[in-house]
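A.B. asks: Sequence:
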Amino acid sequence: MSGIDDSLLKALRAIREGRFVYGKDTGAGDILGNMCEKLGLPRSYGDPMTGRINCMVIHEGNPYGCEANAMMRFLKGFIKIFPVYFGVHLAPPLLFRTSRLIQDPVNSLAHILIASVRSSAFLGTYIGIIWYSICLVRTRVGHQLLGIDQSILDNTWPPLVGSMLCGLSLLIESRHRRGEMTLYVVPRALFSITERVLHPLKQTAWWNKFGSSYTEAIVFAASMTVVLHALHKDKEMVRPSIRGLMSWVLKKEMDENKRLAERHEEDDERHLEVRIKK
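The opening residue of the sequence shown carries number 59 in the working numbering; numbering runs sequentially from there.
For the record, the hints were derived by calculation from the structure and aren't laboratory data. Some clues are possibly wrong.
Result set (DSS-like, lysine-lysine): computed pairs, CA atoms no more than 27 Å apart in a straight line [to be verified]:
| no. | residue 1 | residue 2 |
| --- | --- | --- |
| 1 | Lys138 | Lys96 |
| 2 | Lys138 | Lys68 |
| 3 | Lys68 | Lys96 |
| 4 | Lys293 | Lys309 |
| 5 | Lys293 | Lys310 |
| 6 | Lys68 | Lys82 |
| 7 | Lys291 | Lys309 |
| 8 | Lys96 | Lys82 |
| 9 | Lys134 | Lys82 |
| 10 | Lys291 | Lys310 |
| 11 | Lys138 | Lys82 |
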């Protein structure tokens, strides 16, 4: 979704592994050299011997600066994801609240459109913040203002700062959507943490085939257990869209549960009547 070229990813890995070193000929010049030719830029823009990867390579040929690149990344992300989010926001009313959609189509579609624009703006901003944070650290502040060694700037700090700041884009979304995003992100974050921490250890351990994937699956299962328990105890605790989806998926089980509940109520009423008569 961010549209990053594979050559840039390879260059970042090479920098981290010490195979792409500024000021030294390590034979890694072709990693970005071919990309520069494809973009119509001089090969020297991606040559480590020059001491720095030119910003136009990071911007993938955009000549208008870091701010314009961030805006273009935002627009590309927004346009690409809008049809997806429109479908996501349209599906619940179309499947579970059809009568309301038919009764008031104008307001319903306006609400769907606004929600789709907001969600698309969230993801576009997420992408734009990451890209501008990279430019801010490696160029605007680190290189131009502080004059820090470029090899340090391109190793860890730009992706780290971008990853930390991009979460601010979640403030664009509505409150209930922030909660939904959190439920999705937490298992992925646990996967990343356990993968990084356990990877050096699990290669020779008996639990090698378990690790991060099973950790994520366990967290997901626990989350689903909470949702299903809430749906069983008091369905009003669950958001209408989730409630409608789960009711559709578990229709047979929920109908059976409803019949059992009604039967228990009837039994309780009979017992109460018997006690009153006595």
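A.B. asks: So if I understand the rule, the pair passes when the alpha-carbon distance is 27 Å or less; does Lys293 with Lys310 pass?
C.D. replies: Roughly 16 Å separates the two Cα atoms, so the pair holds.
A.B. asks: Within 27 Å, alpha carbon to alpha carbon, are Lys138 and Lys96?
C.D. replies: 23 Å, holds
A.B. asks: Would you check the hint for Lys138 and Lys68, treating anything up to 27 Å between C-alpha atoms as holding?
C.D. replies: Between Lys138 and Lys68 the Cα gap is close to 25 Å, so the pair holds against 27 Å.
A.B. asks: For Lys291 and Lys309, compute the direct alpha-carbon distance and say whether it is at most 27 Å.
C.D. replies: Cα-Cα ~16 Å, so holds.
A.B. asks: Are the Cα positions of Lys68 and Lys96 separated by 27 Å at most?
C.D. replies: Holds - the C-alpha atoms of Lys96 and Lys68 are around 16 Å apart, at most 27 Å.
A.B. asks: Measure nothing beyond the straight line between the CA atoms of Lys138 and Lys82; if it is 27 Å or shorter, mark the hint as holding.
C.D. replies: 40 Å, violated
A.B. asks: Holds or violated: Lys134 with Lys82, Cα cutoff 27 Å?
C.D. replies: 36 Å, violated
A.B. asks: Would you check the hint for Lys96 and Lys82, treating anything up to 27 Å between C-alpha atoms as holding?
C.D. replies: 24 Å, holds
A.B. asks: For the pair supplied as a hint, Lys293 and Lys309, confirm whether the alpha-carbon distance does not exceed 27 Å.
C.D. replies: Within the cut-off at roughly 14 Å; holds.
A.B. asks: Does Lys310 lie within 27 Å of Lys291 when you go C-alpha to C-alpha?
C.D. replies: 17 Å, holds
A.B. asks: Below or equal to 27 Å on CA atoms is what counts here, so check Lys68 against Lys82.
C.D. replies: 18 Å, holds
Hint compliance for this structure: hints 9, 11 are not met, and every other hint is.
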